[in-house]
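The listed protein sequences derive, respectively, from chains A and B. Numbers in our numbering are just positions in the first sequence, counted from 1, shifted up by 17. Numbers in our numbering are just positions in the second sequence, counted from 1, shifted up by 31.
For the record, the hints were derived by calculation from the structure and aren't laboratory data. One or more of the hints may lead you astray.
Keeping only pairs whose Cα atoms sit at most 27 angstroms apart, straight-line, the calculated DSSO-like set for lysine-lysine is [unchecked claim]:
1. B:K34 x A:K56
2. B:K76 x A:K56
3. B:K60 x A:K62
4. B:K76 x A:K116
5. A:K62 x A:K134
6. B:K76 x A:K134
7. B:K76 x A:K113
8. A:K203 x B:K104
9. B:K51 x A:K56
10. B:K106 x A:K62
11. A:K116 x B:K51
12. A:K199 x B:K76
13. B:K106 x A:K199
14. B:K104 x A:K56
15. B:K178 x B:K159
16. B:K178 x A:K203
17. B:K76 x A:K114
18. A:K56 x B:K106
19. B:K178 x A:K116
20. A:K199 x B:K104
21. A:K203 x A:K116
22. A:K116 x B:K159
Only a predicted model underlies this, so the values are computations on that prediction, with no experimental measurement involved.
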Amino acid sequence: MEIEELQSAWIQMSQELSQQKKLTNEIILDMTKQKYQNKFTMLTKYETIGAFICFVIAFFVLLNFGKLDTWYLKVCGVLTLSFLLILPVMVLSTLKKIKNIDITNGSYKENLKVYLKTKNRLLKLQQVGMAIGFIGLLFIVPVTSKIISDKNVFLTNLKVEQYIIFAITLVVLAFFCKWAYKGYQKITQSAQDLIKDLE
Amino acid sequence: MQKEAVFTDLVREHQALLYKVTSIYIDNKEDQEDLFQEVVYQLWKYFDSFRNDSKITTWMYRVAMNTAITYIKRKKRRPDSVPIADVFIKQSEIKDEVFEERLRLLYRHLQHLNTLEKGLIFLLLEGKSYKEIAQITGLSASNVGTKISRVKKKLKTNMTNH
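Make the full structure from the sequences, and use the hints.
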């Protein structure tokens, strides 16, 4: 094949392509909309996996709820279940809402207003989730300890190694939360910029 | 609304151009569609910045090619990709086997070029003059000439060996 042959194949392809007018105005505008939705697809994937894990653990706690034999362990159990069930559902529903904002319809001002409101809710939920995550260790650890190894941590003296593991967990959790929150901020900000571009 | 209408007309009119830019850099349908969408978005984003001191197609080539380069830098290629020539053949209604084979060969040869070389040969195949290629790529016209003759040599060697 010579270069001239490449050129003639290219010209023939170009002619074919120019006859195929597949795009409509609607599709073109949808492309910018799709771009917006894509920004939240990855977040939704991670959150869905996270929610699934939470539901499995919640199911496990529920199955073994009878093992929690004191009133305070029962309270811890209820708090653990609430944490594992309510927060993921709230985050997923907010993500769904933010994804479904129709940025190509309605006025720019309205879209931005709805977006900002939902974005703030999502970020607030993440903050609450992180705060509860830390406080949650106080009620999740006793519940899992009781269910898995039948130990009531409120009546057990912890060893130095256990305190160290607990402290390391807190530090790792803090770094993870900071990283995840930054990711959220970055994605929501770039989606907000996208809406501004449509002005 | 006026701006939207002008923009959509422009994209519809030059969709073949955009398709070709995406096909030169990406070799699978899924990523190509994703890149096409990214290009349309970038064109929309910078639509206001277009000044009439160059042809609209020159501006479109520039935005589309820059977007494609950024895209391929960011994206890892998938191992199960479908060669782009096959994608085009399936999409089109052509039943010319000779043409299909030439198209496959064309894309196979192009895949051996690096990003800059692909861009230059693409513009040459599009029938652009060295001056126009220089405007689009930001290289000087003489540099374009030198580089293109090197790419041609590389292509020729490649074609002789296969």
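Worksheet entry | Distance restraint between K76 (chain B) and K56 (chain A), which requires alpha-carbon spacing of 27 angstroms or less | Within the cut-off at roughly 16 angstroms; holds.
Worksheet item: Can the restraint linking K178 (chain B) and K116 (chain A) be considered satisfied, given a maximum Cα separation of 27 angstroms?
Response: Judged against 27 angstroms, a Cα distance of about 46 angstroms means the pair is violated.
Worksheet item: Under the criterion that the straight-line Cα-Cα distance not exceed 27 angstroms, is the pair K34 (chain B), K56 (chain A) satisfied?
Response: The hint holds at about 25 angstroms.
Worksheet item: When you check the alpha-carbon spacing of K76 (chain B) and K113 (chain A), does it fall within 27 angstroms?
Response: Answer holds: K76 (chain B) to K113 (chain A) is near 25 angstroms, not above 27 angstroms.
Discussion item. Against the 27 angstroms threshold, does the CA-CA distance of K76 (chain B) and K116 (chain A) hold or violate the hint?
Written reply: 20 angstroms, holds
Practice prompt. Compare the distance between the alpha carbons of K116 (chain A) and K51 (chain B) with 27 angstroms, and conclude whether the hinted pair is satisfied.
Written response: Between K116 (chain A) and K51 (chain B) the Cα gap is close to 31 angstroms, so the pair fails against 27 angstroms, i.e. violated.
Worksheet item: Is the hinted pair K116 (chain A) and K159 (chain B) satisfied, with a Cα-Cα distance of at most 27 angstroms?
Response: The hint is violated at about 42 angstroms.
Discussion item. Holds or violated: K76 (chain B) and K134 (chain A), Cα atoms, limit 27 angstroms.
Written reply: With Cα atoms ~24 angstroms apart, K76 (chain B) and K134 (chain A) stay inside 27 angstroms; holds.
Worksheet item: Going straight from one Cα to the other, do K106 (chain B) and K199 (chain A) come out at no more than 27 angstroms?
Response: Satisfied, since the Cα-Cα distance of roughly 22 angstroms is no more than 27 angstroms.
Fill in: Pairwise hint evaluation, K76 (chain B) against K199 (chain A), where the allowed Cα distance is 27 angstroms at most
25 angstroms, holds
Discussion item. Against the 27 angstroms threshold, does the CA-CA distance of K203 (chain A) and K104 (chain B) hold or violate the hint?
Written reply: At roughly 20 angstroms apart (the allowed maximum being 27 angstroms), K104 (chain B) and K203 (chain A) satisfy the hint.
Worksheet item: Does the structure keep K178 (chain B) and K203 (chain A) at a Cα separation of 27 angstroms or less?
Response: 40 angstroms, violated
In terms of the numbered hints stated before, the structure departs from hints 11, 16, 19, 22, listed from lowest to highest.
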